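Residues per chain, in single letters:
4 protein chains.
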Amino acid sequence: MKNSAILLLTCPDRKGLVATISDFVFRHNGNILHADEHGDEESGLFLMRVEFDPKEFDINFSEFDKHFLPIAQKYQMQWRLAQSNHRPKMAILVSKYDHCLVDLLYRHKSGELACEIPIVISNHPDNKPIADFYRVPFSVIPVPKENKREAEQKILGLLRQHRPDFLVLARYMQILPPEFLSEYPQRIINIHHSFLPAFVGAKPYHQAFVRGVKLIGATSHYVTEVLDDGPIIEQDLVRISHRDSLDDLLQKGRDLEKVVLSRAVRWHIENRILVYGNKTVVFT
Amino acid sequence: MKNSAILLLTCPDRKGLVATISDFVFRHNGNILHADEHGDEESGLFLMRVEFDPKEFDINFSEFDKHFLPIAQKYQMQWRLAQSNHRPKMAILVSKYDHCLVDLLYRHKSGELACEIPIVISNHPDNKPIADFYRVPFSVIPVPKENKREAEQKILGLLRQHRPDFLVLARYMQILPPEFLSEYPQRIINIHHSFLPAFVGAKPYHQAFVRGVKLIGATSHYVTEVLDDGPIIEQDLVRISHRDSLDDLLQKGRDLEKVVLSRAVRWHIENRILVYGNKTVVFT
Amino acid sequence: MKNSAILLLTCPDRKGLVATISDFVFRHNGNILHADEHGDEESGLFLMRVEFDPKEFDINFSEFDKHFLPIAQKYQMQWRLAQSNHRPKMAILVSKYDHCLVDLLYRHKSGELACEIPIVISNHPDNKPIADFYRVPFSVIPVPKENKREAEQKILGLLRQHRPDFLVLARYMQILPPEFLSEYPQRIINIHHSFLPAFVGAKPYHQAFVRGVKLIGATSHYVTEVLDDGPIIEQDLVRISHRDSLDDLLQKGRDLEKVVLSRAVRWHIENRILVYGNKTVVFT
Amino acid sequence: MKNSAILLLTCPDRKGLVATISDFVFRHNGNILHADEHGDEESGLFLMRVEFDPKEFDINFSEFDKHFLPIAQKYQMQWRLAQSNHRPKMAILVSKYDHCLVDLLYRHKSGELACEIPIVISNHPDNKPIADFYRVPFSVIPVPKENKREAEQKILGLLRQHRPDFLVLARYMQILPPEFLSEYPQRIINIHHSFLPAFVGAKPYHQAFVRGVKLIGATSHYVTEVLDDGPIIEQDLVRISHRDSLDDLLQKGRDLEKVVLSRAVRWHIENRILVYGNKTVVFT
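From first to last, the protein sequence lines are chains A, B, C and D. Under this note's numbering, the first residue of the first sequence is numbered 1, with each subsequent residue one higher. Under this note's numbering, the first residue of the second sequence is numbered 285, with each subsequent residue one higher. Under this note's numbering, the first residue of the third sequence is numbered 569, with each subsequent residue one higher. Under this note's numbering, the first residue of the fourth sequence is numbered 853, with each subsequent residue one higher.
Everything labelled a hint here was simulated from the structure, so no lab data went into it. Be careful, since some hints might not be right.
As the list claims (entries may be wrong) - With a Cα cut of at most 30 angstroms, we get these calculated BS3-like pairs of lysine-lysine:
hint, chain 1, residue 1, chain 2, residue 2
1, A, K89, D, K948
2, D, K907, B, K358
3, D, K1131, C, K820
4, D, K948, A, K128
5, A, K74, C, K570
6, D, K854, B, K286
7, C, K570, B, K286
8, C, K570, A, K15
9, B, K393, C, K570
10, D, K854, B, K563
11, C, K771, C, K664
12, B, K412, C, K771
13, A, K279, B, K286
As the structure is a prediction and not an experimental result, all values here were calculated from the model.
Model the full structure from these sequences, guided by the hints.
Below, the structure is given as structure tokens:
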């Protein structure tokens, strides 16, 4: 896979933005591979993702800031530049359920997820063998009810040591305290096993079973302070019927959770997601 | 289409039910075309739908009761017998949106919905031309805020006169008072324009737009006293993205509503739905 | 709906195309509402769709050619300019099946399809009433086997008189002779009732039934000289099972055909489709 | 999971079959948990699956034959009896692609596939580590072009030694000779990476890419003598667009293949599939 540069930006919408940015890339001898933008009418925001071939780009990336600053200031942009050959560090938190972890590790190994995995942290030792198989470091930090706070600090410490770029909660059954959110703002991806905002909170498959819905869903979203309320990245559903027991729901749901989480993770790694307000734009 | 008889029943689950019922049909020279049952573990209920060819059946349907009574009593069954060549009467209530009405009338005319439509009632005159085109009686009963009660009584009176077997709310924008529910228990089908229980109440597409979901849904259900809480018959969803404006959601939603409502109506007509607790079994 | 201008173009891929085009629009005081492009690696082609607000655009559209010519020539572009408030003329050809026609006419009336319908032509009189209801001209031109050629000439004549921008075959059961293709190149949209390239030719639902597939499909495509082989615009499928008779397949298929055809027609009207080789790009 | 008995049968359709079979089960004190049947109008066949609780069944399964024989003969039934707590033996053949193998082994370990895996056979050593991880025997038998016949005999020998009940080709890239089909009739499950009958043969994703389809599919089927022509068990599709490169198709396809194959395997293990003619009934 050849390297490409990805410029992601958000600013108040106004005339000439596409021209200004594409001209900047062109003037410095970059070749736009793909450009996508979105004008959000409600907020008056302009959001853009430009992917370009930097082979002949005449600005050194370490000095990109300096050259782009005048444009960024003029248009009041929030922006960041990424490179596709930079592999971000993903830390995974997991409890006992292994399906999402197994799926992420397999996709990582097969090259589908272009990231590093410096650490997998779990409150249970059960998933150590699969992490070992894929040669990914695995740390067990039990989270006892009576000592939750201390455990959380240990996890934070471990994370600070490994400095991941983002966190994935691969069916991690503990609620994270606010410190995690402030250290990793818009950088913690969770998988919730329902079609949010239906069935917020605990045991969504049980809730779905009791309500008698005809499809069950899964939702990946960025974690915010309000439970199950963060910006939604991806959702999907699968049909069920009266024949499906609660166990069948759990099983069908597992297949869904894996796919929905892995899509969100891949898009995050590929710098395809922009958050605005409590929503996301996914440039696919 | 040849005629078939459909026996629908619910009773406490116990050994020998399938044998007893299929033997009853066989003994009286009926030929089972299709049998389907469901044992609900939670409630301990047995639910069954048997469709049989009554051509050589040796019991006159007017005397079916008498012959089936011993079995029904022994097993404490709730049951009903229907015939596929009996066309039930469907009354439609509609407001200004016409997409569901147009769809139902077309399917009715094309033979997909084997029912009679004695009356379409609306609080607005807008949809009279399409009802006229399909030669279906159309009555306008305005429902002014200051005189809601009187209008409701008029509608009830009109219904009593036409004696429909069931009611369909094809995007009828008024909440029905309890009298309707007691006159048509489990026989009023509504279409709600969200994937229930997400986005209960008014303006679900607006709610969905604000929440930033990645799919929008529609739900057909039997109406009960609690708003948008009745037994769900059918649901479906369609993918949306940040590119979709609120208008796009409304348009995509219309296509969904039509399909989800018409499925529910067809299954109701074909006696495929059994309600138990607040859930449905749909024998498809 | 406010007016927008849509520039569609194809040319050999090279550096600076996005910049050049967006700069052209910006320089002439147009505001880009949405830009989308695609680089096809195999053919080395660049395809782009730019939608811009022409309110303050300083070039009169009648003179757009002249101003854009230097760019078009330099980059060897094939291009066209459209305006969203120009309503293209769509002629519909239909036989006896009415579901696609009914759907198109309804969507047209409800404002979903921003086109004019100068003429509906059929080889049977059956669908005249619905065309009358929607006040769309309807001409019957029988196509007898022994006089096919003459009938085709009549149809061509009628079309020449009404000068439609494109043709829609809404389950028209006659094969069109080459003259139609040369008069309306890449402007005849057909709906084929299978997931092409499976089940080419006659009676695809029968073929699907015999083969025992688990889903049935529909495909809308531009008509070319080779039967069922033109560039595919849209496809979709629906699940079936052993319970579905051939009649059920036909009924489920009808719902699919309507939706798949109407999407293709809307995208064509909205100038979202670019054909390259035997494939399409649909900028949605 | 408690044990249940599953009776699968096919016979010419006639009156009284459901009654006769359910009465037989009831008379011998079995409790029907689920019964499902299908009457195929074209062939005049009756196909049935009865699942019953054998706890108080008064016939020893070793003598079931003797007791059921009179019924089976009278109605010319083809039938078999299975028990849910009997774990059939599944042999897997695989080449280099690992996604289906990894998925099957994980589902096996997690309890979703109630079978034994006595042997995985591959023409390449690449997938040994994952088999080792899941503690499943793995044999490498290279299949050189110049010595194909000998390799096939070795594989057959190995299979004879392990006596699997059925074979799964988890992206095994060799065509099996007729001997395999005669030893495992209707017991070899293949996954083909297209929506059959579209794109028969080699490189279906390439074919799909060239044809410009808007969805790609996968098909699991029983292997017969004609390539990619056996009875279809399950199919599914996923949407693609012009943005998807051939590599993207391959990646999206992998997710599809896993799911479609694992469903077919689970249904086979749970005795849910009946083959008739070149089609299947799947009692789900």
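We went through each hint and held it up to the structure:
no.: 1; hint: A:K89 - D:K948; verdict: holds, 29 angstroms
no.: 2; hint: D:K907 - B:K358; verdict: holds, 24 angstroms
no.: 3; hint: D:K1131 - C:K820; verdict: holds, 20 angstroms
no.: 4; hint: D:K948 - A:K128; verdict: holds, 26 angstroms
no.: 5; hint: A:K74 - C:K570; verdict: holds, 29 angstroms
no.: 6; hint: D:K854 - B:K286; verdict: violated, 42 angstroms
no.: 7; hint: C:K570 - B:K286; verdict: violated, 54 angstroms
no.: 8; hint: C:K570 - A:K15; verdict: holds, 17 angstroms
no.: 9; hint: B:K393 - C:K570; verdict: violated, 38 angstroms
no.: 10; hint: D:K854 - B:K563; verdict: holds, 26 angstroms
no.: 11; hint: C:K771 - C:K664; verdict: holds, 15 angstroms
no.: 12; hint: B:K412 - C:K771; verdict: violated, 38 angstroms
no.: 13; hint: A:K279 - B:K286; verdict: violated, 54 angstroms
Hint check: violations occur at hints 6, 7, 9, 12, 13; the rest are consistent with the structure.
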